[in-house]
Amino acid sequence: MKRISDLSSFNDVREAGLSKLLPDRPRIAIGMGTCGTGNGAESVYHAFADAINTRGLGMNLARTGCFGFCAAEPLVNVYLPGKPLVILQRVQPNDVPGILDDLASGRMPTGLALCKIEEWDHITGHVRFGVGLPEIPHWHEVPFFTGQKKIVLRNCGLINPNEIDEYIAIGGYQALYKVLIDNNPDMVIEAVKAAKLRGRGGAGYQTGIKWEFLRKAQSERKYIICNADEGDPGAYMNRNEIESDPHSLIEGMIIGGYVMGATEGILYVRAEYPLAVHRLNSAIEQARECGLLGDNILGRGFRFDLQLVEGAGAFVCGEETALIRSLEGKAGRPTPRPPYPAEHGLYGCPTNINNVETWYNIAPIVIKGPGWFTETGSAKSPGTKVFSLVGKVNNTGLVEMPLGTPLKTFVYDVGGGGTHGRAIKAVQTGGPSGGCIPQEMFDTPVDYESLGQLGSIMGSGGMVVMDEDNCMVDVARYFIEFTHSESCGKCIPCRVGLDKSLYYLNRITQGKGTEADFDLLDDLSRMIRDTSLCGLGQTAPNPVLTTMRHFRHEFEDHIRAARCRAGVCEDLALSPCENSCPLHMNIPRFLQLLKEDRLEEAFVSVVMDNPLPASTGRVCQHPCDNRCRRTGVDSAVNMREVHRYIADAIYPSDRFDALASDIAARRKPLTGKRCAVVGAGPTGLACAFYLCMLGHEVMVYDSNPAAGGMLRYALPDYRLPKDVLDREVELIRRTGVQFTFNTQVPRDVSLNDLDGQYDAVFLSIGTWKESWVYLPGTELTGVIPALPFLEAVSKEQPVPLGKRVTVIGGGNAAIDSARTALRLGSKVTIIYRRERKDMPAIPEETEAAEAEGAEIVFLATPHRIVGGPDGRVQAIEAVRTKLGEYDSSGRRRPMPTNEIIRFACDTVILAVGETVDLDFAKASGLKIKESGLIEVDRYTLETSRSKFYAGGDLITGASNVSNAMGYGKKAARNIDRRLMNVRRWEEVFPSFEYDQAPPAHASEAPRHHVEEVDAAQRATTFAEATIGLAPVDAMEEACRCLRCDVRNGDH
Amino acid sequence: MTPALLSDSPPRSSPLSFEEQDFIDRLIVQHRGRPGMLLSLLEAIQERQPNKYLPVEVLDYLAARTGIPGAQIYSVATFYSLFNLKPQGEHTVCICRGTACHTRGSRNLLERVKLQLGLKEEDEDGSAEKMCATTADRRFTVRTVACFGQCALAPVAEIDHSILGHVNERALEREVDAIKRGGQR
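Chains as they are written, first to last, in the numbering used here: chain A, 1 to 1051; chain B, 10001 to 10185.
Hints were generated in silico from the structure; no laboratory data involved.
Hints may be right or wrong, so weigh each one.
Claimed, not checked - List time: in silico DSBU-like cross-link candidates among lysine-lysine, alpha-carbon distance up to 35 Å:
| no. | chain 1 | residue 1 | chain 2 | residue 2 |
| --- | --- | --- | --- | --- |
| 1 | B | Lys-10114 | A | Lys-20 |
| 2 | A | Lys-490 | B | Lys-10114 |
| 3 | B | Lys-10120 | B | Lys-10052 |
| 4 | B | Lys-10114 | A | Lys-837 |
| 5 | B | Lys-10086 | A | Lys-196 |
| 6 | B | Lys-10180 | A | Lys-330 |
| 7 | A | Lys-216 | A | Lys-193 |
| 8 | B | Lys-10114 | A | Lys-512 |
| 9 | A | Lys-490 | A | Lys-330 |
| 10 | A | Lys-83 | B | Lys-10114 |
| 11 | B | Lys-10114 | A | Lys-500 |
| 12 | B | Lys-10120 | A | Lys-490 |
| 13 | A | Lys-368 | B | Lys-10052 |
| 14 | A | Lys-947 | A | Lys-929 |
| 15 | A | Lys-929 | A | Lys-803 |
| 16 | A | Lys-149 | A | Lys-368 |
| 17 | A | Lys-947 | A | Lys-837 |
| 18 | A | Lys-20 | A | Lys-149 |
| 19 | A | Lys-83 | B | Lys-10052 |
| 20 | B | Lys-10052 | A | Lys-490 |
| 21 | A | Lys-882 | A | Lys-769 |
| 22 | A | Lys-500 | B | Lys-10180 |
| 23 | A | Lys-673 | A | Lys-380 |
| 24 | B | Lys-10120 | A | Lys-512 |
| 25 | A | Lys-673 | A | Lys-827 |
| 26 | B | Lys-10086 | A | Lys-330 |
| 27 | B | Lys-10052 | A | Lys-512 |
| 28 | A | Lys-193 | A | Lys-368 |
| 29 | A | Lys-490 | B | Lys-10180 |
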């Protein structure tokens, strides 16, 4: 490389670079940051190189850095002279021949196109590629990039980081040239001050002021340091910046050295970033060769040199005084400030330390001026910041946004929401020094002050998205574990305090924590924050303090109920599936018993955990599927269908009678206590079963003539045949549960009567009242609510159903109504206001409805029901909606458009949700919440009236069978504890001996699905629509279990 | 204070080979007087060792040749997680314990690979967050790293310096099996 000593040689290099960026033949550039190579970019590069070589094609091939959209790597830029630059995504080696064919014949390969760039503002320069290709979106039209402003990342992914001339071609080192020619360092410092550029490492101190300190410091030797010891787990923007554009960093530092009067600069880079170290070293070498480092830079008489030092894996070296000690050849332990490094830094000389990203902002400020810089971002925090958006979000990658952008823009608009459609719970910002911000606060603008107010910090820019599968107590513990092991040990608050914090957090995650521990942890955290020597200790408690503040209920769950809802804290759960099951069934046990061919014991295991297994085996929402660790291998074990298989193999068989007697014989001796259960639905049945097994006398009241509640009167026969339910109720009856049917509480029996006759009363009447939508036309004949419709069909009463039915809603009741109407011979259309993925109904049910002929119209909100002169429904009109902003549930809000769609119909079924019968709640005299639900203690299910407990839909609103039963089971446990004053719950359950060794290898069998009856055939009958697993399939399914319940070291 | 200089005193008798002494002497000359000298020396020396560690004889030699007190060198070698004072396995499996990897289940990966290689708690050095354990036959070292900065590919593991992104238990098990069977990956 030629040495640059004047403007003409500078321009020569520039021309050479431009001819590489905009050659007169095709150019292919592969994104080869570490993220690209980790996704296979290396083999893509070689595939291109080999093919170009073999086919003798006149094309240029280059390596570039990362354009930021890591989730879509490997990214490949293709350029044809005169056409826009096109970025291809997820390119694999076998795509290469096709791409080359296209390019060789002058066509742009559009199949894998992510976006196009017609011209690019490098800030220091401007490149025009070409126009055209209307079928490909502009880069900023891709949701991931919309709203991004690339100042720091201006060159990343567009130039070859190994070629200095490409950097110079897009205006690189011009800012340095200008500064050297202007020869007015104070003016540069004034510009940085006026730009209000704040340190991007996290603390946010004014860079210009810091620079002024060093400039004014009197010393023969001064140092400037770039802190590239990016140690925050979850943050990797500095790695990408250095790998993709090392010269911008070098230029920023040379300018800094010149204006502050330093002749030596040090880059302290994390050793875990080998590629960044390599690229930076080679960039330094090239800069030296070109005369941009060393003596007489650009022929202007200034001497400055850079040296790279690799850190050695100590997080605390991100603290400036520790970093300095590290460079001095000592352990990286911080020292008190003052004296600040600007007076007394490396080897006692005045020293300036800035974060990588701070240096990247220098050249743009010099070229464009502070006025331009402050146009972006907020008043107090101008400019942009690069964030690494990672964790449970769809679009992961590096995002450069103006400061002050609301958090929800990052998570939903750019990030595309949670993975697998899961609800997002929080975002962790600032790494171990930051905190967790709950979803309700996603309107918060991301800048230094706003995040500080929530107890978090912006930090170096890590943004880790967490969903419902993440336990916030575990997250707090995780960070303390990290800072605890990274504490240098110099000061006591940090060394001892974090050790104690970890001790208490461990206790809490093990279910051994007390409320006193919680308070102590709070005090301790504040003490560590206020008294530690350096930034590490002062900020280390932030993750604990913020989770305690914003997720207190999760701490309470761990402490009061030894429960981790996310299923992360292993000591609080048998296995992830057990933890996710509302009934906490011991799933690995029944799978293993079946595997050992012990069907009868498997049945006892299942029934004792869940007294309605044939029902739940058919209709449960199977949350266990989402948590099964087997998904890490292939897909979840089909646990729901295996327990259905076990139940179905016993109930109708001749073994049932003996097993039912065995179970009834396990009932504990009579206690003399009497309990009433109001409502014979799944919640009440579960509660009654366990109370009875515990030896109490139990009477169940129900207004209907038979037991089952919604299972009997809302679930259609094709989903749950009633003879199956009858068998289950019979087993419960045989344990001794008594029923009083056709009796409504409080109409026929008052709460006071119950109070007088019983020692405890459990209320579980469910949500039988259909919510009403207030639309013009709901008064017309032919508008019917879903639940009464389903109830009438199940009771074989006549229903006023027409030929064309429209169902409004997207829950299970809507789908059940639709499939029932189909079976009664109607044509059915379902109108749902959101998208398919937002439907609360079980996806399999929705798919089955469609297969049977139901039409589903998404994104439409009913507007009015049109009636004829006879007062009967003639049609329904709906407004087309489009997706608007994300609402607090993390789903995009449907916004009305001007388009009205009309469906001719004679019946409208409203299935928009069910609610509690408010009359009952009010008449009960119990404390109710604003929503009309009964208020209970979250942990004991006690209501405001002593002796009275409530559970199921009555306290949660409409939910599902398994959730409801979980409440019944929990209530029985708490009622027994209160009545007997001793813990005897576990005594009811039999113990089983079974193999405790996990399989050496995951079995090869894929997941088995139930067989569905042919759609055309099943749609005409109420006979069951699915056929359970065959014995051999059920056995194979059981063998697929990885036995997470067996802990390492147990055997 | 000034950077440590090469000691003028002649080297004491050292168990190191002449070649090794020569390598270290050259390194010292190359880095003499520069900030970060000691870190750079230790990094380069460890990298050259076949078992990627710093034998105590090397630390002694370095102290004698640089004049840096042995205690200070030992302090640095034990402070930074990059340095090993025990020989490492032929192959290294490194599991990222960064936040993104943690939220995507890297703990299970670590447990799985430890189980697969028969590593027990007592083989481990350091806490759960800085775990490092080597199999008795020295074929494998399993360790953790605070963060690779590969968060978009989480969970991430690294086997002998090559990154595996979006890795699951089965994929990791297969990779390790392949090495165990003696073949190249």
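So, going through the hints one by one against the coordinates:
Distance hint between Lys-10114/B and Lys-20/A is unfulfilled; the C-alpha atoms sit about 49 Å from each other, more than 35 Å. A distance of roughly 33 Å separates the Cα atoms of Lys-490/A and Lys-10114/B; the hinted pair therefore holds under the 35 Å criterion. Restraint check for Lys-10120/B and Lys-10052/B: satisfied, since their Cα atoms lie roughly 22 Å apart, inside the 35 Å limit. For the suggested pair Lys-10114/B and Lys-837/A, the alpha carbons sit about 38 Å apart, so the restraint of at most 35 Å is broken.
For the hint pairing Lys-10086/B with Lys-196/A, the CA-to-CA distance comes to about 49 Å; that exceeds 35 Å, so the pair is violated. A distance of roughly 39 Å separates the Cα atoms of Lys-10180/B and Lys-330/A; the hinted pair therefore is violated under the 35 Å criterion. Restraint check for Lys-216/A and Lys-193/A: the C-alpha separation of about 15 Å stays at or below 35 Å, so the hint holds. A threshold of 35 Å between alpha carbons decides the hint, and for Lys-10114/B with Lys-512/A the separation of about 27 Å falls inside it, so the pair holds.
Straight-line distance between C-alpha atoms of Lys-490/A and Lys-330/A comes to about 13 Å, which keeps the hinted pair within the 35 Å bound. For the hint pairing Lys-83/A with Lys-10114/B, the CA-to-CA distance comes to about 53 Å; that exceeds 35 Å, so the pair is violated. With a C-alpha separation of about 28 Å, the suggested pairing of Lys-10114/B with Lys-500/A holds against the 35 Å cut-off. Of the supplied pair hints, the one linking Lys-10120/B and Lys-490/A holds, its CA atoms being roughly 31 Å apart against a limit of 35 Å.
A threshold of 35 Å between alpha carbons decides the hint, and for Lys-368/A with Lys-10052/B the separation of about 49 Å lies outside it, so the pair is violated. For a cut-off of 35 Å, the pair hint linking Lys-947/A to Lys-929/A stands: about 19 Å separates their Cα positions. Note on Lys-929/A and Lys-803/A: the hinted pairing is violated, with a Cα-Cα distance of about 41 Å set against a maximum of 35 Å. Our distance criterion of 35 Å between C-alpha atoms is met by Lys-149/A and Lys-368/A, whose separation comes to about 15 Å.
For a cut-off of 35 Å, the pair hint linking Lys-947/A to Lys-837/A is broken: about 42 Å separates their Cα positions. Among the hinted pairs, Lys-20/A with Lys-149/A is consistent with the structure: their alpha-carbon atoms are about 25 Å apart, no more than 35 Å. Proposed proximity of Lys-83/A and Lys-10052/B is contradicted: the alpha carbons are some 51 Å apart, above 35 Å. Between Lys-10052/B and Lys-490/A the alpha-carbon distance is near 29 Å, which keeps this suggested pair within the 35 Å criterion.
Among the hinted pairs, Lys-882/A with Lys-769/A is consistent with the structure: their alpha-carbon atoms are about 30 Å apart, no more than 35 Å. Taking the CA atoms of Lys-500/A and Lys-10180/B, the gap is about 41 Å. The hint is violated against a cut of 35 Å. In summary, the hint linking Lys-673/A to Lys-380/A is not supported, as the alpha carbons are separated by about 68 Å, beyond the 35 Å threshold. For the hint linking Lys-10120/B to Lys-512/A, the alpha-carbon distance of about 25 Å falls within 35 Å, and the restraint holds.
About 54 Å separates the Cα atoms of Lys-673/A and Lys-827/A, which puts this hinted pair outside 35 Å; it is violated. Restraint check: the Cα-Cα separation between Lys-10086/B and Lys-330/A comes to about 21 Å, which is no more than 35 Å; the hinted pair holds. A distance of roughly 42 Å separates the Cα atoms of Lys-10052/B and Lys-512/A; the hinted pair therefore is violated under the 35 Å criterion. Our distance criterion of 35 Å between C-alpha atoms is met by Lys-193/A and Lys-368/A, whose separation comes to about 14 Å.
Between Lys-490/A and Lys-10180/B the CA atoms are separated by roughly 43 Å; this puts the pair beyond 35 Å, and the hint is violated.
Taken one by one, the earlier hints fail for this structure at numbers 1, 4, 5, 6, 10, 13, 15, 17, 19, 22, 23, 25, 27 and 29, listed in ascending order.
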